[in-house]
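K.L.:
For the sequence shown, the positions run 1 to 307 when the working numbering is used.
If you're looking for bench data, these hints aren't it; they were derived computationally from the structure. Check each hint, because a few of them may be wrong.
[Stated by the list, open to error] Computed Cβ-Cβ distance ranges for the label pairs, DEER-style: (1) A217 / E88: 19 to 25 Å; (2) P120 / D282: 18 to 24 Å; (3) A217 / L306: 36 to 42 Å; (4) A307 / G220: 30 to 36 Å; (5) S211 / G25: 16 to 22 Å; (6) R285 / S211: 32 to 38 Å; (7) R30 / Q297: 20 to 26 Å; (8) G92 / V42: 44 to 50 Å; (9) G281 / A236: 17 to 23 Å.
[Said to hold, decoys possible] Computed list of lysine-lysine pairs in DSSO-like fashion (alpha-carbon distance at most 30 Å, straight line): (10) K4 / K158; (11) K64 / K4; (12) K12 / K64.
The beta-carbon is built from N, C-alpha and C at its ideal position, and this holds for glycine as well.
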Amino acid sequence: MPMKRMRIATRKSELALWQANHVAGLLRRRHPGLEVDLLPMVTRGDVILDQPLARIGGKGLFLKELERALLNHDADIAVHSMKDVPVEEAPGLVVDVMLERANPFDALLSRDGQRLDELPAGSRVGTSSLRRQCQLKALRPDLGVADLRGNVNTRIRKLQEGEYDAIVLACAGLERLGLGGLITEVLAPPRWLPAATQGTIGVQRRADDASAASLVAVLGDADAMLRTRAERAVSAALQGSCQVPLAVFAEQREGGFRISGLVGMPDGSRVLRAAAEGPVGDADRLAASVARDLLGQGADRIIAALA
1 MPMKRMRIAT
11 RKSELALWQA
21 NHVAGLLRRR
31 HPGLEVDLLP
41 MVTRGDVILD
51 QPLARIGGKG
61 LFLKELERAL
71 LNHDADIAVH
81 SMKDVPVEEA
91 PGLVVDVMLE
101 RANPFDALLS
111 RDGQRLDELP
121 AGSRVGTSSL
131 RRQCQLKALR
141 PDLGVADLRG
151 NVNTRIRKLQ
161 EGEYDAIVLA
171 CAGLERLGLG
181 GLITEVLAPP
191 RWLPAATQGT
201 IGVQRRADDA
211 SAASLVAVLG
221 DADAMLRTRA
231 ERAVSAALQG
241 SCQVPLAVFA
251 EQREGGFRIS
261 GLVGMPDGSR
271 VLRAAAEGPV
281 GDADRLAASV
291 ARDLLGQGAD
301 RIIAALA
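Please model the complete structure; the sequences and the hints are all you need to start from.
P.N.:
Structure follows, in structure tokens:
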């Protein structure tokens, strides 16, 4: 019997609700007559704001309650920022639909409108990401980097109130909330790499729920799926987690496919880079090549040192 009502588990943050409502709107348009409701939830990652993510268990803390709702049949799907989803899927659940990717890059917001190269020595830059910290310190070792937690608006308020001279956030989140005008500088390749799958919304469901699978399948974007698979393959090969500064970016261009990867120390004292390019059909091989290159340069020793 066709599903007549779909319940979407989501975090309660403004950005998470935007993403869930975006998915709900797409479902209603593609399936007229389908009733779609949101199930907003507070996760452990939303509650613990006084410690760095890497210290308290990583980004998986933003998923557990939503995944429990799926397994308990309190929700039919969950909507996630893919960069928050661990590469190892939870038993009984799958994330196999990716929406069209938004802006994948990072953004620098500075209080005085100064770009990264223009910030005075000793400026205090806020970020909760070891990946961003690593790249900041590698490019500007004279800057101070301080932990920054909270939702997007909270982070911006802390910048405006003078707790930080600049902060680094994801372009996609800012643009989705209509805050793109606050961006001072887009931090983009080849100088700066984003997190794997940044800017991509994923839909999670129970693996055995054929009804939900058929309804959400129409939301999938082939390019986002390909890039997500490649970037997560590199992360998986390198055992990527919040404890390791790891960046991966894949893109289709001029009929080909390119993957770039980065692993480094949090203080930016050592940064390893690798890239591979070839036909789109070789995406899996290219991902394996990037991971192998990074490991050959000593990424395994960095990972072991930070474990």
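K.L.:
In ascending order, which of the hints set out earlier in this document are inconsistent with the structure?
P.N.:
Numbers 2, 7, 8 and 10 - these are the hints that the structure violates, sorted from lowest upward.
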